[in-house]
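Engineer: Start from chain A and add chain B according to the hints.
Each chain, letter by letter, is given below.
Protein chains: 2
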Amino acid sequence: VVSISNDRFHAWYRVAGSQHEAFRKAKDICLEQTVEFPEELVPDGFIRDHVTGRIEDFRKAPRGAWETRISFACDTTGGEFSQLLNVLFGNISIKPGIRLERFELPLPLLKRFVGPRHGVKGLRRILKAPRRPLLCTAIKPMGLPPAKLAQLTFLFGLGGIDIVKDDHGLADQPFARFRDRVKLCTRAAREASRRTGHACLYAPNVSGPHREIVDRARLAWREGAGALLVAPGLAGFEVMQRLSRETRLPLLAHPAFLGTYVMSPDSGISHRALFGQIVRLAGADASIFPNFGGRFSFTKEECRSIASGCRDRMGHLRPILPSPGGGMGLSRVPEMQRFYGRDVLFLIGGGLFQDGPDVSANARRFREMVGG
Amino acid sequence: VVSISNDRFHAWYRVAGSQHEAFRKAKDICLEQTVEFPEELVPDGFIRDHVTGRIEDFRKAPRGAWETRISFACDTTGGEFSQLLNVLFGNISIKPGIRLERFELPLPLLKRFVGPRHGVKGLRRILKAPRRPLLCTAIKPMGLPPAKLAQLTFLFGLGGIDIVKDDHGLADQPFARFRDRVKLCTRAAREASRRTGHACLYAPNVSGPHREIVDRARLAWREGAGALLVAPGLAGFEVMQRLSRETRLPLLAHPAFLGTYVMSPDSGISHRALFGQIVRLAGADASIFPNFGGRFSFTKEECRSIASGCRDRMGHLRPILPSPGGGMGLSRVPEMQRFYGRDVLFLIGGGLFQDGPDVSANARRFREMVGG
Numbered sequence: 003v004v005s006i007s008n009d010r011f012h013a014w015y016r017v018a019g020s021q022h023e024a025f026r027k028a029k030d031i032c033l034e035q036t037v038e039f040p041e042e043l044v045p046d047g048f049i050r051d052h053v054t055g056r057i058e059d060f061r062k063a064p065r066g067a068w069e070t071r072i073s074f075a076c077d078t079t080g081g082e083f084s085q086l087l088n089v090l091f092g093n094i095s096i097k098p099g100i101r102l103e104r105f106e107l108p109l110p111l112l113k114r115f116v117g118p119r120h121g122v123k124g125l126r127r128i129l130k131a132p133r134r135p136l137l138c139t140a141i142k143p144m145g146l147p148p149a150k151l152a153q154l155t156f157l158f159g160l161g162g163i164d165i166v167k168d169d170h171g172l173a174d175q176p177f178a179r180f181r182d183r184v185k186l187c188t189r190a191a192r193e194a195s196r197r198t199g200h201a202c203l204y205a206p207n208v209s210g211p212h213r214e215i216v217d218r219a220r221l222a223w224r225e226g227a228g229a230l231l232v233a234p235g236l237a238g239f240e241v242m243q244r245l246s247r248e249t250r251l252p253l254l255a256h257p258a259f260l261g262t263y264v265m266s267p268d269s270g271i272s273h274r275a276l277f278g279q280i281v282r283l284a285g286a287d288a289s290i291f292p293n294f295g296g297r298f299s300f301t302k303e304e305c306r307s308i309a310s311g312c313r314d315r316m317g318h319l320r321p322i323l324p325s326p327g328g329g330m331g332l333s334r335v336p337e338m339q340r341f342y343g344r345d346v347l348f349l350i351g352g353g354l355f356q357d358g359p360d361v362s363a364n365a366r367r368f369r370e371m372v373g374g
Numbered sequence: 003v004v005s006i007s008n009d010r011f012h013a014w015y016r017v018a019g020s021q022h023e024a025f026r027k028a029k030d031i032c033l034e035q036t037v038e039f040p041e042e043l044v045p046d047g048f049i050r051d052h053v054t055g056r057i058e059d060f061r062k063a064p065r066g067a068w069e070t071r072i073s074f075a076c077d078t079t080g081g082e083f084s085q086l087l088n089v090l091f092g093n094i095s096i097k098p099g100i101r102l103e104r105f106e107l108p109l110p111l112l113k114r115f116v117g118p119r120h121g122v123k124g125l126r127r128i129l130k131a132p133r134r135p136l137l138c139t140a141i142k143p144m145g146l147p148p149a150k151l152a153q154l155t156f157l158f159g160l161g162g163i164d165i166v167k168d169d170h171g172l173a174d175q176p177f178a179r180f181r182d183r184v185k186l187c188t189r190a191a192r193e194a195s196r197r198t199g200h201a202c203l204y205a206p207n208v209s210g211p212h213r214e215i216v217d218r219a220r221l222a223w224r225e226g227a228g229a230l231l232v233a234p235g236l237a238g239f240e241v242m243q244r245l246s247r248e249t250r251l252p253l254l255a256h257p258a259f260l261g262t263y264v265m266s267p268d269s270g271i272s273h274r275a276l277f278g279q280i281v282r283l284a285g286a287d288a289s290i291f292p293n294f295g296g297r298f299s300f301t302k303e304e305c306r307s308i309a310s311g312c313r314d315r316m317g318h319l320r321p322i323l324p325s326p327g328g329g330m331g332l333s334r335v336p337e338m339q340r341f342y343g344r345d346v347l348f349l350i351g352g353g354l355f356q357d358g359p360d361v362s363a364n365a366r367r368f369r370e371m372v373g374g
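Protein sequence lines, in the order shown, are assigned to chains A and B.
Position in the first sequence (first residue = 1) + 2 = the working numbering.
Position in the second sequence (first residue = 1) + 2 = the working numbering.
Worth flagging that the hints you see were computed from the coordinates, not collected in a lab.
Some hints here could point you the wrong way.
A pair counts as met if it fits within one copy or between any two copies, since identical chains are not told apart.
Unchecked claim - Calculated pairs, DSBU-like style, for lysine-lysine (alpha carbon to alpha carbon, straight line, at most 35 angstroms):
id: 1; residue 1: 62; residue 2: 97
id: 2; residue 1: 185; residue 2: 123
id: 3; residue 1: 123; residue 2: 97
id: 4; residue 1: 62; residue 2: 302
id: 5; residue 1: 302; residue 2: 123
id: 6; residue 1: 62; residue 2: 185
id: 7; residue 1: 97; residue 2: 29
id: 8; residue 1: 150; residue 2: 113
id: 9; residue 1: 150; residue 2: 29
id: 10; residue 1: 185; residue 2: 97
id: 11; residue 1: 150; residue 2: 97
id: 12; residue 1: 113; residue 2: 130
id: 13; residue 1: 62; residue 2: 130
id: 14; residue 1: 62; residue 2: 150
id: 15; residue 1: 185; residue 2: 150
id: 16; residue 1: 302; residue 2: 185
id: 17; residue 1: 130; residue 2: 302
id: 18; residue 1: 130; residue 2: 150
id: 19; residue 1: 29; residue 2: 302
id: 20; residue 1: 62; residue 2: 123
None of the values given here were measured: they were computed from a predicted structure.
Next up, chain A with everything else stripped away, as it sits in the complex (with noise of 0.2 angstroms):
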């Protein structure tokens, strides 16, 4: 049997129940992530050596529940991201009480994925940024012509935000169409950077149909936009990789229709493994999500661990930019500051709007609050 290697990378998966029922679950995870096959069946030797999964251990968690770390051979996987992702949490999801918690690729299996091409370091030389918090904001809302659109980029880039991204909810709307918006809105950013001498990268929301999603990204890496934003949920992970080789501009994940995803503390992907390690592994550069206290839901403990996904050594993957937002104002970067860091993309949309008419001077002041 033709073989990529023996190695085995391995999954921790939190399991709801009992012992006994928890072990029968682990013990089913095996089988529903592989061969899907009835136990007495499954053919001695090669398969039922090396294909089927292998609890590797079993141990009590808190709350009543436990840990299980199962190994499957990277073989499963045929080394593509999309099988990687079946392996990990594809028949399961289906099941209550199993919670993918994190996973761990040896350096055969890992060496298949890019990761993210500019990572921490990558978008810090663009930004000539080297050491303070890089700065986000999002042109909105939905429903101004492109005009309106390039003037807000403008008006930010001004006031020395890093990166001014499309409202995730912008597509290519009647009122906003993609190729007006991104030709205005790149031209606009360029104007920015050559009036204060920093640089700010214009980032157009490339997440639309399969075919187009590329053509909108080769379109906007030609007029000169600075990265993509791009919704994996909506447009499904691996393009991310795609994106990534065909344009090699850095890339903005946003996580919109990915929330049922960690909803529930007994089923679903834990934050970290999904915004951190899932989001990073695909070749996103920074993993937006909902911070703490805005008007989503998430928990301090929870942002805390998907910086750790975004960071932690994930072999020769580059560490990313972890880009809290959603519902934050300026009143709140101190502390975000302290929270997460420097080594953060911080992303306050509306809250920009919020200070007063002049955009440009609540820019400013976002920029002054990170140390300039």
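Structural biologist: Leaving out everything else, chain B in the frame of chain A:
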């Protein structure tokens, strides 16, 4: 301002909490899913009147919750499927206590989507099976070489299975490369058809990297595959419209990685909307989901609602086949037939191996049970 139309589409949400809280959440959906902007700053006129969502109805729902119907301008979707999903459930997927129950699109928006190319009637025509339930099985377990998988395809076809699909875990692994598998299995299905005089379609799993997925579908089509299996949770919903356009092959949607959307009665998306409406709008001709009483946890009521979502009137969109599977055995067929009626694609995978070593004989029994 340019506008496709003044039309609005409607979405029904179940909202948890007291009447006051729930109504606040409903108002929040209107902003969060469109302008994502502080209420007091939303510009008067076009944006406030047309672009933001609008509460059309708000009433008591069972189990201490509320149901609200919210309308959105069709313009907000730009006529694109991923942006439709984004408006329906993008950011609010991250907010607890909001569940998308169903939605209705007016004709001008619905017409932007091709939907299922074949549907129930088309598949029946291809299979020359005008009335009886249709039969599907999966070749497995993962780890078998292509020749063995092809042998199984042949034996199932000989027994009268209509669609022999890849197990959804078969991707492009070293032990069964996609190209080799497709070549051998299509040939096996053809040979079985020739022998029995009945059509037998082989459906390879094309879920994979963003670019490869289209290449694999084209290869499968050239080799003579009869259908395609795709997991939109892994590949993105958008890809189905593309595959349908590129290959014109019938598409089977697999639920892998989508389970968390339907795990909670309080949040996520209803079974009917996800595995019925959304999968159908995306272009699937059959929607695979775990049957009640199998090794997954869907209830009878949930399965019934999926069948409704597959069949209920939805403009010009063809009705599609609900395809219940997941730990089913032959003994369940009579009950399932009473439950689902004739327009169904029964999926028995592992169960067809459990009824004795002669899988052709098992398949024949399956076929006889539905009236041969």
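Engineer: Checking an output row: residue 150 and residue 113, CA cutoff 35 angstroms. Within, between, both or neither?
Structural biologist: Between copies only: 31 angstroms across, 44 angstroms inside.
Engineer: Are the CA atoms of residue 62 and residue 130 at most 35 angstroms apart within a copy, between copies, both, or neither?
Structural biologist: neither (48 angstroms within a copy, 55 angstroms between copies)
Engineer: At most 35 angstroms between C-alpha atoms: does residue 185 with residue 123 qualify within a copy, between copies, both, or neither?
Structural biologist: Answer is within: at 28 angstroms inside a copy they meet the 35 angstroms cutoff, but 46 angstroms across does not.
Engineer: Between residue 130 and residue 302, at a C-alpha cutoff of 35 angstroms, which is it: within one copy, between copies, both, or neither?
Structural biologist: within (30 angstroms within a copy, 59 angstroms between copies)
Engineer: Between the shortest in-copy and the shortest cross-copy C-alpha distance, which are at most 35 angstroms for residue 185 and residue 150: within, between, both, or neither?
Structural biologist: The answer is within: 13 angstroms in one copy meets 35 angstroms, while 54 angstroms across copies does not.
Engineer: With identical chains, the pair residue 185 and residue 97 could be close in the same copy or across copies; at 35 angstroms between alpha carbons, which is it: within, between, both, or neither?
Structural biologist: Result: close only across copies, 34 angstroms inter versus 46 angstroms intra.
Engineer: Can you tell me if residue 123 and residue 97 fall within 35 angstroms by alpha carbon in one copy, between copies, both or neither?
Structural biologist: between (40 angstroms within a copy, 32 angstroms between copies)
Engineer: Can you give me the call for residue 29 and residue 302, within, between, both or neither, at a CA distance of at most 35 angstroms?
Structural biologist: Both, since 33 angstroms and 26 angstroms are each at most 35 angstroms.
Engineer: If the cutoff is 35 angstroms on CA atoms, where do residue 62 and residue 302 land: within, between, both or neither? Let me know, please.
Structural biologist: both (24 angstroms within a copy, 34 angstroms between copies)
Engineer: Given identical chains, is residue 113 near residue 130, meaning Cα to Cα at most 35 angstroms, within a copy, between copies, both, or neither?
Structural biologist: within (29 angstroms within a copy, 48 angstroms between copies)
Engineer: At most 35 angstroms between alpha carbons: which applies to residue 302 and residue 123, within, between, both or neither?
Structural biologist: Classified as within: same-chain Cα gap 25 angstroms, cross-chain 53 angstroms, threshold 35 angstroms.
Engineer: Checking an output row: residue 62 and residue 150, CA cutoff 35 angstroms. Within, between, both or neither?
Structural biologist: neither (56 angstroms within a copy, 41 angstroms between copies)
The earlier numbered hints that this structure contradicts are 6, 13, 14, 16, 20.
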